[in-house]
Amino acid sequence: MPLRGKSLFFTAGVLAATLLLGVWLQSTRSLQAPADHRVHLRLAALYTGQAMETYQVLVDDFNRRNPDLLVRLQGIPGSYYDKLLVMFAGRTAPDVMWMGKGMAQFASRNAFLDVEDEFRIPPGQYYESVLDCYRFNGRLMGFPMGADFAVIVYNRDLFEQAGLPTPDPDWTLEDFRKTARRLTVREGGQVRQWGFFGEIDPGVFGAEVLSPDMSEERIDRPEWRDYLDFHLKLIFEDGSMPSQVEVPGAGVLTSRQAFYRGQAAMISDGFHFRTMREEISDFRWDIAPLPLGARRACASSTQGFAVSRHTPHRAEAVRLLKYLVAPETQRRLGDILVPAHRDSARQVIAGMASPPHNRQVILDSMEALNPFPRHPRINELQQALAETQRLVLTRQQSPEAGLRECARQFREILGRTY
Amino acid sequence: MKSRALGIAALFLLPNLLGFLAFTLFPVVASFALSFCRWDPVAQPISAIEPAGFRNYQDLLGFHGQTGPAGQTSWVANTPRFWEALYNTVFMMLAIPFNMAASLFLAVLLNRKMRGMAIFRTAFFLPSITAGVGTMLLWMWMFNKDLGSINQVLAWVGIQGPDWLQSYFWAKPALMLMASWAGVGGVNMILYLAGLQQIPRELHEAAALDGAGRWQQLRHVTVPMLLPVTFFIFIISIISGLEGGFDAPYVMTGGSFGTTTVSLYLFRQGFEFFRMGYASAVAWVLFLIVFLLTMINWRLAEKRVEY
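In the order they appear, the protein sequences are chains A and B.
Here our numbering is used: the first residue of the first sequence is 1, the next is one more, and so on.
Here our numbering is used: the first residue of the second sequence is 1, the next is one more, and so on.
Note that these hints are calculated values from the structure, not bench results.
Each residue gets a CB set at the ideal place from its N, CA and C atoms; glycine is no exception.
Any given hint could turn out to be false.
[Said to hold, decoys possible] Computed footprint of chain A on chain B, listed as stretches where at least three residues anywhere in the stretch have a Cβ under 8 Å from a Cβ of chain A:
id	segment
1	101-111
2	266-273
[Claimed, not checked] Facing chain A, according to a computed beta carbon distance under 8 Å, are these residues of chain B, among others:
id	residue
3	GLN166
4	SER167
5	TYR168
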């Protein structure tokens with residue numbers, strides 16, 4: 001039914017009145033509020049319950065100390081880097097942002113402010129391998145708070161039941177394999193308890209991903225073959241490790257769940273000791289270094305913050321960055337990760353609750369971090385490598401064929417001009 | 001008076017039109033333009049987008065000669081991963097005929113007049129409106145090699161079930177099975193049900209008088225009368241089959257074990273590897289495939305489908 005003159009007039013009148021009411025309400029609110037001369041900053045972080053609470057405490061503290069600034073914490077739950085990408089594309093990126101594994105991908109694309117001159121770092125005060133994850137072309141493009149890494153977490157009770165001594169700090173890959181075999185328990189043809197569930201870092205076997213200048217792949221090499229063979233032996237020859245590969249979110253039993261249930265005597269895991277203390281009450285556990293192979297190495301990931309290159313408030317954003325990564329702040333985050341600042345790391349580890357008892361392992365591991373090369377196409381490279389590992393470790397591809405195909409993909413990715 | 005009415009109609013259409021222009025037409029045009037460009041959204045502002053000619057399409061669809069160890073030359077795709085993703089997508093679409101037949105079968109069953117039929121209809125329709133990721137997580141446990149209910153049921157009859165989601169051979173069928181469970185009783189069944197209720201009862205009565213049994217009635221009356229609906233469902237299934245297949249592999253396998261579909265490949269290129277131009281080219285190639293297949297279907301249908 002078409003709108004007649006009166007009803008059309010009435011509808012337009014209602015719409016106009018609503019609009020005017022909204023404008024009036026908004027303007028009275030602005031008049032009532034005191035003039036806000038503070039600089040507003042947006043801080044983005046991956047939304048994880050425990051860390052967000054800590055970040056909010058830090059932000060509140062920073063706002064109190066800096067009355068000229070107002071920082072708002074924006075927690076981004078899931079698909080963190082995808083959302084940052086969209087914000088960068090729309091030039092609405094937060095002023096300061098949390099960075100983890102995505103650092104290389106964003107920093108190598110010049111997304112962040114060069115903060116090299118903002119930090120005076122006396123030699124030896126920080127773990128160099130952690131700092132390096134934030135250095136691109138010799139310049140700091142952000143600053144780390146700390147690192148996470150993989151060590152061997154083991155069930156002391158199961159070691160004692162098997163009549164095994166606690167792992168020696170210098171145990172070799174062969175010692176490790178024997179231990180895993182001894183700890184494996186079968187019942188009626190089924191494995192009731194796995195000796196090990198996890199991964200020994202390829203770096204232990206001397207394997208490297210790329211050449212030092214990152215121009216060539218180093219995949220189709222004997223070291224990678226050794227790495228795959230070792231895990232294949234654990235899975236299929238010894239039966240001491242489950243065959244299922246942990247695909248993130250694939251709904252399979254994770255190594256940590258298996259450990260909590262007493263179904264795995266050893267796992268490789270990171271700095272989640274607080275959660276472990278909360279979850280495990282019915283057995284004793286401790287940590288040991290990864291076994292010694294061609295060299296000492298352990299998988300690692302770092303966390304830190306970076307300032308957007310597009311922020312209109314550079315000085316203020318750098319002030320926030322400095323606060324977030326200061327040694328004092330790093331110590332406050334000691335439940336989540338090991339500080340990048342050496343003294344702070346020592347203090348955090350010394351003051352940490354037990355277990356783990358063998359805390360020297362943590363400090364030793366910090367000296368042997370083996371981060372993935374900081375290549376701009378790190379995501380693609382990691383995905384190609386992970387795919388190969390999954391196919392080979394489920395025996396759907398031979399190690400030779402898998403490494404050959406992976407190397408081909410690496411060359412394709414590295415050789416692309418854009 | 002007529003122009004005034006048109007003006008008022010346009011006024012009411014304006015919000016929707018603006019939404020269409022901003023969120024549909026503009027992105028479509030922009031993605032077409034981007035498919036001929038190189039754009040890394042983090043490294044380059046929009047003003048610095050570089051023209052790339054047909055380079056993205058060449059990378060995507062092109063082949064190059066490769067000399068083997070014995071000196072022989074073979075043709076290798078510039079991007080084998082794309083072709084693999086296309087193969088995976090087409091493979092998973094093989095479930096379409098089965099799903100359609102199952103939807104028709106269900107619709108015929110649910111088209112009877114009996115007490116409690118609404119409950120059955122609701123029960124079969126429920127999977128299609130249940131939260132996707134939630135059901136995927138449930139299926140992931142069901143597919144679990146050691147603990148999953150599917151393998152436990154298979155074990156009762158002496159079959160050792162495979163590692164469904166971590167096997168190159170079984171991962172695709174596993175995803176197809178789950179999609180069938182969700183889709184068979186969904187919109188397709190509703191469309192068939194609506195189609196069945198449009199068939200004049202006299203046709204069945206006349207067929208029955210001529211001595212046709214239930215099967216003959218189904219074959220010679222129901223199925224031909226449902227051809228327009230079948231054709232519509234087929235076209236929609238082909239389109240959604242080619243465009244879809246993103247969420248299940250993303251959540252359940254991470255795209256591993258041969259489950260990367262074209263849409264997942266496209267997403268990764270654009271949003272994980274920051275290759276917006278290339279991802280746009282993938283989108284347009286996908287569109288062309290969908291368009292061509294739909295055209296072929298229309299041509300074939302013209303001869304067989306009567307409305």
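Taking the hints in turn, this is what the structure says about them:
Counting residues of the segment 101-111 of chain B whose CB lies closer than 8 Å to any CB of chain A gives 0, which falls below the minimum of 3, so the coverage claim is violated. For the segment 266-273 of chain B, the stated coverage by chain A is satisfied: 4 residues place a CB nearer than 8 Å to a CB of that chain, which reaches the threshold of 3. The beta carbon of B:GLN166 comes within 6 Å of a beta carbon in chain A, closer than 8 Å, and the hint placing it at the interface holds. At its closest, the beta carbon of B:SER167 sits 7 Å from a beta carbon of chain A; the interface hint therefore holds under the 8 Å criterion.
The interface hint given for B:TYR168 is met, as the beta carbon of that residue sits about 5 Å from the closest beta carbon of chain A, less than 8 Å.
Hint 1 from the list above is the single one not met by this structure.
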